[in-house]
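Please put together the full structure from these sequences, using the hints given.
Number of protein chains: 2
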Amino acid sequence: MDAAKILITGGSGYVGSHCVVELLENNFNIIVIDNLVNSIRLDGDPLPESLRRAQQITGKNIDKFYNGTTEDAELLDKIFTENSPIDVVMHLAALKSVGESVQQPLRYYQNNVGGSITLLKAMEKYNVKKFIFSSSATVYGEPQYLPLDESHPIGIKCTNPYGRSKCMVEQILEDVCQADSEWSIISLRYFNPVGAHQSGLIGEYPNDIPNNLMPYISQVAVKVRPCLNVFGDDYPTVDGTGVRDYIHIDDLSNGHIVALKHMLSSPKEWFGYNPINLGTGSGTTVLQLIESFEKSTGIKIPYKIVDRRPGDLAILFANVNVAKERLGWKARKTIDEMCSSTWNWQSKNPNGFRNNKIAQ
Amino acid sequence: MDAAKILITGGSGYVGSHCVVELLENNFNIIVIDNLVNSIRLDGDPLPESLRRAQQITGKNIDKFYNGTTEDAELLDKIFTENSPIDVVMHLAALKSVGESVQQPLRYYQNNVGGSITLLKAMEKYNVKKFIFSSSATVYGEPQYLPLDESHPIGIKCTNPYGRSKCMVEQILEDVCQADSEWSIISLRYFNPVGAHQSGLIGEYPNDIPNNLMPYISQVAVKVRPCLNVFGDDYPTVDGTGVRDYIHIDDLSNGHIVALKHMLSSPKEWFGYNPINLGTGSGTTVLQLIESFEKSTGIKIPYKIVDRRPGDLAILFANVNVAKERLGWKARKTIDEMCSSTWNWQSKNPNGFRNNKIAQ
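Here the protein sequences line up with chains A and B, keeping their order.
Under our numbering, residues 13 to 372 are what the first sequence spells out, in order.
Under our numbering, residues 13 to 372 are what the second sequence spells out, in order.
Some hints here could point you the wrong way.
Identical copies carry no separate label here, and so any pair may be met within one copy or between two of them.
With a straight-line cut-off of 20 Å between C-alpha atoms, the simulated DMTMM-like cross-links for lysine to aspartate or glutamate are [to be verified]:
(1) 141 <-> 303
(2) 76 <-> 112
(3) 76 <-> 99
(4) 280 <-> 89
(5) 169 <-> 154
(6) 137 <-> 112
(7) 360 <-> 246
It is worth saying that the hints were derived from the structure and are not from the lab.
Now the structure itself:
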């Protein structure tokens, strides 16, 4: 049997590029569409730098790269026609900054919701009905109980347009499965992905001031920023700082590939709508993460405690039983490994993908 | 001062055409965009039949008609450029069949949600920030209390994609207002619009088997259908049949124009997001509606009691205080008037707008 052909949207972003490495290592045929909002292409290169490096890491090539957005129905026509038959779509393309989504809600809804609808319509048209969606723990809103399992209500008290856009897409996916039993859809609800590939060739590099803790820490470590703000130390947690369920990007991308393989090898088990948490199942405070980073890198992170950020939640962590039972998957990497791999990437690439000459 | 220029989407549909009559009578300048999904254009006519008749009723003309959809960003560019400046957009274009939405969720989400996002993006681009949205009582889902007021939670237990699409748009509108305080948005949450213009020239004529009670009753009256199914007589209501808050289409369209005038005359009071119920505030059972129809038309409606429809709610009616206090508006027409005007329209137009030769 030929290897399955996977269309991956947003394939040159942080999660996307790590998934591409894992897909290439598993000999899948890969088509990527990305609009380069969270990646860059260097002068003269046909590929975004993250994908060029993914090929360098694996010694294998992606089949095709399309520069564009899933809002573009004509481009999707071209992609599905030129690459027929596509077996599975992994939809990772989305805008992802919570703060920006509050400022530019229409841009977020157009990209994340509109782009998903257009993509799903194209899939329907070309009779491709296997879909893996990049969702987020943010769909749970304020926890009614912990740990968060997949039966926890979603969409209630989601505090920002980014989170609401993910909820809307999940709702749409559920309705699609209700209407047509031939669809198989897995929504992977990411907790807090951090870290970088062990090669140090790919990792997360926000274009802007980082929203998330780990990229901020690593930019402080590399002295791009002088000091870390810790938002609140009066939460009801062990040291008063917020608790999150950090998951190593290698575990996260592996979760995608495990889900993909299950969907391909036992399709009947995956008919319908299947949300699955990807987390470790345990929480880490901000101060614990800083401490782990300092320990595993030897670098001091100056920080100061400031006021809580409106909308921030105290404690989030996952119940990971569904991933364990249905996929036989669990996260393996420690917080120390998340920190050291982040530092490996950041120190080799202080300017992210803009610096083409990387340490060997 | 020149009369304000209003872009009305879905202007040739049932609610739209009645709003157009009211807008023309009030000397507004009107641009209509409609894709003719719920209306028809007869051979050789530049206008949909409902709009031709709206002009006939009022003796006044709309400025321009565009045949197309609000999903079409290029067409919107053309409309906003050719008709600059547009003062207010009234967005009534939407697919509206609950049952169809369950079968074709992507079509509904693309049209209702995608189409609204594209329209709002165009408004942002052309700096038009006054918006009146056609929402629905369906956003409330299963009532937590009655009567339903505007503070009742929305989006929880919405039972179908149609209702969820309205919720999503409301959520998007709220976020748009949060991000930019220059927007004025009124969402009119319709209860159950019925009836027809007193001229008998315009009214509701579903293309398909009617989903809603009144069009079904009137098609039975005119013998297009043999018998009415009453879905359940064991609800906790006075006679066991479902209770709804029916509102005469004349009252409903008048509510739009009153809202529009308030928005134009005292803009500062309407900055932000303003949901407003349009209903009468009182409920009527299915059997009461049949009885009123028979009484006011002298026509017997054969019916039989059948099983409940899954997803149907027992009782819905509106708290209408906000409309009264903020708009000085309330519904005036009786159930009997709703029935007799429906019959006047239906009997003069047994085939809806397809019959061009109407009784004088």
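Item to check | Hint numbers contradicted by this structure | outcome: 1, 2, 4 and 7
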